[in-house]
Amino acid sequence: MLLEPTWTATSAKERVLHRIITLDETCARSYQPELKWQSNEWRHYGSPRRSNILQNPNNVKMMVIFVYDCHGVILKHTFSTTAGNQCAVKLLIFGAPS
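Under this note's numbering, the sequence shown has 19 at position 19, and the numbering climbs by one with no breaks.
Treat each hint with caution, since some may be false.
[To be verified] Pair ranges (Cβ atoms, derived):
{"id": "1", "residue 1": "19", "residue 2": "61", "range": "30 to 40 angstroms"}
{"id": "2", "residue 1": "68", "residue 2": "13", "range": "32 to 42 angstroms"}
{"id": "3", "residue 1": "45", "residue 2": "21", "range": "54 to 64 angstroms"}
Honestly, the hints are just simulated from the structure, not real lab data.
Glycine is no exception: its CB is placed at the ideal position from the N, C-alpha and C atoms.
Work the whole structure out from these sequences, hints included.
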């Protein structure tokens with residue numbers, strides 16, 4: 001005997017949650033980690049200390065886009081981000097506006 005699925009309010013809510021897709025965009029700068037390592041190196045007693053220089057961020061600025069749903073990450077491609085690529089990602093995930 002096969003049981004037919006019962007459509008309760010709880011299962012309807014779960015079906016809605018399974019249809020939700022989240023897109024998160026954030027901007028990140030790249031730093032050189034060896035600069036911090038060099039400033040923390042051990043020195044002998046009496047040896048001259050290096051003068052502290054403010055670290056400037058590199059010119060590399062990245063747009064990081066995460067697209068995921070209740071099962072995990074959906075979009076796993078990496079590419080250079082431009083305004084055109086951002087629109088293409090949103091059209092790929094959300095579909096063309098009607």
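Here's how the hints hold up against the structure:
no. : hint                        : result
1   : 19 / 61: 30 to 40 angstroms : holds (34 angstroms)
2   : 68 / 13: 32 to 42 angstroms : violated (19 angstroms)
3   : 45 / 21: 54 to 64 angstroms : holds (59 angstroms)
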